[in-house]
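Engineer: Produce the entire structure from the sequences given, and follow the hints as far as they go.
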Amino acid sequence: MEDAEIVGLYWRRDEAAIAATASMYGNRLQCLSKRILDSDEDAKECVNDTYLHTWNRIPTERPSFFYAFLAKICRYVSLGKLDWNQAAKRNADVVSLTAELEACIPDNRMQQYLQARELGELLSVFLQQLPEDSRLIFMRRYWHMDSVEEIAARYGFSQSKVKTQLHRTRTKLHHFLESEGIAV
Amino acid sequence: MTGKELLEGMSFVKDEIVQESEERPSRKRQYIRLLSMAACLCVVIAGAFAWEYFSRPQQLESAGSVASGMDGAENLQQYESAGNTASEIDREANLQQESAVEPPEDMMNYPFEAAYIRISADRTELEEPEMMPNQSVRLIRSARELDEYLQQNKALAHSENSETGEALPVSFERYGEAFFSEKDLLLITPEQESNISGYEIQSLHPDSSDGWVIEGTVFTQDDGAADEAQWQILLEIPKDLITPDDKIVLNFQNG
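First to last, the protein sequences are chains A and B.
The first sequence begins at 1 in the working numbering and counts up one residue at a time.
The second sequence begins at 185 in the working numbering and counts up one residue at a time.
Hints in this document: simulated from the structure, not taken from any laboratory.
Just so you know, not all the hints are guaranteed correct.
Stated by the list, open to error - A partial selection of chain A residues facing chain B, derived with a Cβ cut-off under 8 Å:
hint, residue
1, 24
2, 71
3, 72
4, 75
5, 84
6, 140
7, 144
8, 154
9, 155
10, 159
As the structure is a computational prediction, the values presented were derived from the model and not from experiment.
All C-beta atoms in this analysis are idealised placements derived from N, C-alpha and C, irrespective of residue type, glycine included.
Structural biologist: Structure below.
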């Protein structure tokens, strides 16, 4: 099934859209989430959350790149889950209390979301300025969270080339963010 | 800003950037990479062949008389003028290079033309023929050197070519500047015995040290000749094959 057809199912509010999405992209989303969380159960939970978010956002949105749309949601949800897991490991009671208090802060999560979106737009501008090789390597490392070995194998580069490119791109990003008035 | 916030911000880069990084590297991209690698490999191989090809004359030269004794460039030039292709030249040069390691005997020999001169004392107008030193070899590289030699060895002017019967120095007339522009001349005075009826040179090749060996056969007869004959052999050899400093050994076997 084509992406446009699946998106069409969402627009018609047809629940078959979820099954079609799971069939087409379930495994890839599971891998992406597991790479962040290192847990099959948590990854599965995040993928299900991804379907739910997608259901809620289409309509009104109509994504041009459906997998990218799904993956971004899945990644964001997984990072949120990771944040929660790490906090939980520190001290369950404190986390619980913090969560209770955070609920009193109006739109705390929304503020973080908006900040992340703004940062995402800036990063898009930065990434589009990069040469293709540098952009792909950077995305594979910090978006898909591939290892250096995996990136080298994927593109047929040497590991040293990948490491060098990453180092240079990080340096460029540092200067870019500084020029945009963001302290890093 | 923390690294964690930056990592979260990455979640919001544009869809097309995410999509681009998700796609498998295109076949075209892989082909370009493969083609680049193949091109590099070709350059390396071509470079290796070129190095081997152009360094060979020097190797032959440095090997000197032990390996081949012939100037590599001249050798190649000879083949080129004969219309051989580059690969044939290469193959031949390879054979010669191999011969430096363990050469077949026939590969070591060099082309020559020989003339055999019998100098009869009866035909000389000199009271006593000027006997040239036995077992000696003299390298003549120009017409002027030859004239000087003939002046010193006047007996040669009263001899004849043993094969053609041509009187000398008529036989020497062909050894002018034109001849010496392409060849050198070796004047060989072999051991003289009264019962020697003739000589035949079989081969010219480098020996195991820095010298050259001229192999030949000496033919004898039961009865000694009545005249006080003397033999001299003219060996026409490739230009600059042998230098004045090279040692030359004569090795004649009885035929």
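Engineer: Would you mind marking each hint as holding or not holding in the structure?
Structural biologist: Quick rundown of the hints versus the structure:
no., hint, verdict
1, 24, "violated (13 Å)"
2, 71, "holds (6 Å)"
3, 72, "holds (5 Å)"
4, 75, "holds (5 Å)"
5, 84, "violated (13 Å)"
6, 140, "holds (6 Å)"
7, 144, "holds (7 Å)"
8, 154, "holds (7 Å)"
9, 155, "holds (6 Å)"
10, 159, "violated (16 Å)"
Going through the hint list in order, the structure does not satisfy hints 1, 5 and 10.
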